[in-house]
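Undergrad: In case you want the letters, here they are:
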Amino acid sequence: MKPHFLFPYWCRYLGWGLVIAHVPMSIIGRANGMINPLDNPPTQSLFTGEHLFFICTSLVMALGLFIVAFSREKIEDEQIWHVRLDSLRWAIYINYLVLIASLIFIFDTAHILELNLWVPLIFFIIRFRWVIYRLNRSLSREG
Amino acid sequence: MKNNIRVERAIKNITQGELAEQVGVSRQTINTIESNKYVPSTVLALKIARVFGKPLEEVFMLEEGD
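Protein chains in written order, with this note's numbering: chain A, 1 to 143; chain E, 1 to 66.
Hints are computed from structural coordinates only; laboratory data are not their basis. C-beta: ideal position from N, C-alpha, C; glycine also. Mixed in with the good hints there might be a few duds.
What follows is a list of derived Cβ distance ranges for each label pair [stated by the list, open to error]: (1) A:W118 / E:K37: 27 to 33 Å; (2) A:V98 / E:G53: 51 to 57 Å; (3) A:F7 / E:E63: 48 to 54 Å; (4) A:R137 / E:K47: 22 to 28 Å; (5) E:E57 / A:H111: 53 to 59 Å; (6) A:Y13 / E:I11: 41 to 47 Å; (7) E:K2 / A:A110: 51 to 57 Å; (8) E:K37 / A:L113: 37 to 43 Å; (9) A:I94 / E:I11: 41 to 47 Å.
Over the 10 Å line for every Cβ pair with chain E, so calculated as not near, a few chain A residues [said to hold, decoys possible]: (10) W10; (11) G17; (12) A21; (13) I28; (14) G29; (15) A31; (16) F70; (17) I75; (18) L97; (19) I100; (20) H111; (21) L113; (22) I132; (23) L139.
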């Protein structure tokens, strides 16, 4: 089976690097008085300080998670594809559950958008890794 | 669907890892197929049967309720 539209295996480390890198950028930015545009009504102009701060934090993290989620495994076979699709389905279910619940109970649309940047990807990664961990564990138990 | 990959492996004297390598999947996949936790695609089932030099029906069988 030829996996299409997946990043190479090494991109997973790049993705985690971006996720980790967004933490100091976020801390430094906030220490310097930057405000995430999602916390505040954004200004209309592009590439202002706050706009760049948003790109360097929230978008870098979302991009990192995206790359981690869609990087190939060392051996990307049909079972991994099956687990991948199943995890994606669950991530969509959870995302819409969270989206509908937050639209009903929360009136803060900017934060709902921010939540939607992460929830499907984070849930997908957790579920996918968890199933692979269980497969590996059952393998080591049977020797 | 059940299978007798474990028996066929024992006859041919190959490990899960060796079978996995010959059909181009991970050892986890062979392990889950052997324990009937995962049903392989037709292509993979045919590849596995070819390694054992047997027709597909001798390696994979339908169960009641399939």
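Undergrad: For each hint, tell me whether it holds in the structure or not.
TA: For each hint, the structure was consulted:
Checking the proposed 27 to 33 Å range against W118 (chain A) and K37 (chain E) shows it holds: the Cβ atoms sit about 31 Å from each other. Checked against the hint of 51 to 57 Å, the pair V98 (chain A) and G53 (chain E) passes, with Cβ atoms roughly 52 Å apart. A beta carbon spacing of about 39 Å between F7 (chain A) and E63 (chain E) contradicts the range 48 to 54 Å that was offered as a hint. Take R137 (chain A) and K47 (chain E): their Cβ atoms lie about 26 Å apart, and the range 22 to 28 Å holds.
Our hint of 53 to 59 Å for E57 (chain E) and H111 (chain A) holds, since their Cβ atoms are close to 57 Å apart. Taking 41 to 47 Å as the suggested C-beta distance range, the pair Y13 (chain A) and I11 (chain E) conforms, at roughly 42 Å. Between K2 (chain E) and A110 (chain A) the C-beta distance comes to about 54 Å, which sits within the given range of 51 to 57 Å. Taking the beta carbon of each, K37 (chain E) and L113 (chain A) are about 39 Å apart, inside 37 to 43 Å as hinted.
I94 (chain A) and I11 (chain E) have their C-beta atoms about 46 Å apart, which keeps the hinted 41 to 47 Å range intact. At roughly 18 Å, the least C-beta separation between W10 (chain A) and chain E is larger than 10 Å, which holds for a residue marked as non-interface. With a least beta-carbon separation of about 26 Å from chain E, G17 (chain A) lies farther than 10 Å from that chain, consistent with its non-interface assignment. With a minimum CB-CB distance of about 31 Å to chain E, A21 (chain A) clears the 10 Å threshold, and the non-interface call stands.
Every CB of chain E is more than 10 Å from the CB of I28 (chain A) (nearest about 42 Å), matching its label as outside the interface. Against chain E, the non-interface label of G29 (chain A) holds: every CB pair exceeds 10 Å, the least being about 42 Å. At the 10 Å boundary, the C-beta of A31 (chain A) stays outside the reach of chain E, the nearest C-beta of that chain being 45 Å off. At roughly 19 Å from the closest C-beta of chain E, the C-beta of F70 (chain A) stays outside 10 Å, upholding its exclusion from the interface.
The claim that I75 (chain A) lies off the interface is violated: its Cβ sits roughly 4 Å from the closest Cβ of chain E, which falls inside the 10 Å cut-off. L97 (chain A), annotated as away from the interface, keeps every beta carbon of chain E farther than 10 Å; the closest lies near 27 Å. Distance check on I100 (chain A): its Cβ is at least 33 Å (rounded) from any Cβ of chain E, clearing the 10 Å threshold; non-interface status holds. Once the 10 Å rule is applied to beta carbons, H111 (chain A) is consistent with being away from chain E; the minimum gap is 39 Å.
Under the 10 Å C-beta cut-off, the non-interface status given to L113 (chain A) relative to chain E holds; the minimum distance is some 38 Å. Some Cβ of chain E comes within 10 Å of the Cβ of I132 (chain A); the nearest lies about 8 Å off, and the non-interface call is violated. Against the 10 Å criterion, L139 (chain A) falls within the reach of chain E, whose nearest CB is about 5 Å from its own CB.
Violated hints, listed in ascending order, are 3, 17, 22 and 23; each of the other numbered hints is respected by the structure.
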